[in-house]
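Asks: Sequence:
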Amino acid sequence: MMDVWVAKVPGAGRMLRPKRQNNGTSSDYDSDDESFSSLQERRKGRSKLRRELNSFSPLVKDLCWKKAEVFDGRDPDRWRIDNGGNIVCRAFRGCQGPLCWEYDHIWPISKGGGKQLSNCQILQSRSNRRKGSDALAKENGKILAAFSDKSWHALDDQMLDAIELAAYGDIQRPNGSKTTRISRKGREHYELILAQLRKRQNELSRRRNSPFSCPIM
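Number 194 in full-length UniProt numbering belongs to position 194 of the sequence shown; there are no gaps in the numbering.
Each hint should be verified, as a subset may be incorrect.
[What the hints assert, rightly or not] Pairs of lysine-lysine, DSS-like flavour, derived with a Cα cap of 30 Å: (1) Lys178 - Lys61; (2) Lys115 - Lys61; (3) Lys111 - Lys61; (4) Lys67 - Lys115; (5) Lys199 - Lys61.
If you're looking for bench data, these hints aren't it; they were derived computationally from the structure.
Predicted model, so just to flag it, every value in this text is computed and none were measured.
Go ahead and model the full structure; you've got the sequences and the hints to work with.
Replies: This is the structure:
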């Protein structure tokens, strides 16, 4: 057995606990590692199952996006306005940032909410996570707005063009036309944004098996 004692280092003002001595073989630690890995796998499996049980169907998700407010001047397949009045870009689902968003249950599953279209809304990620399961916030756009990241207000049309070009490879107008032409200022923004997206994608590819990875931005 390991001796359980704590020695105080004079003048250091902190406590040290002695290292555990291994009186067994390395297989003891291998067994512990395997048990921990097995526990992690079971937890990830349960978490994935909960997400699948609580998530909306692909059809409901598509209709949920389409029922959100249209952002004038931008393609509705790529841009919308959430219930808190925030601009969101479809390419940035599930990440953290002023244009990032998530599908939200208006009434939580834990409180009897369903997975039907009437209980689905798109919501900026920060707004969705800060409000939690607050039923009042789900019904009040002003409260949702208070939870939101408003830094997107600083984005002008040139910057939005640059973001869309970096995310999709082109800019699609509401009339269906596409272009890759942007202003010189927009091109500078584009190069910076593209470098950030590539860096983020490289980071994600290195931790592809991590349960904590998320999309760009």
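Asks: Quick one, are Lys115 and Lys61 close enough, alpha carbons at most 30 Å?
Replies: It holds: about 10 Å lies between the C-alpha atoms, which stays within 30 Å.
Asks: Would the hint linking Lys199 and Lys61 be met if the CA-CA limit is 30 Å?
Replies: Roughly 29 Å separates the two Cα atoms, so the pair holds.
Asks: Would the hint linking Lys111 and Lys61 be met if the CA-CA limit is 30 Å?
Replies: 21 Å, holds
Asks: Would you mind confirming whether the straight-line C-alpha gap from Lys67 to Lys115 stays at or under 30 Å?
Replies: 15 Å, holds
Asks: Run the distance test for Lys178 versus Lys61: straight-line Cα separation, threshold 30 Å.
Replies: Cα-Cα ~25 Å, so holds.
Violated hints for the displayed structure: none, as all numbered hints are satisfied.
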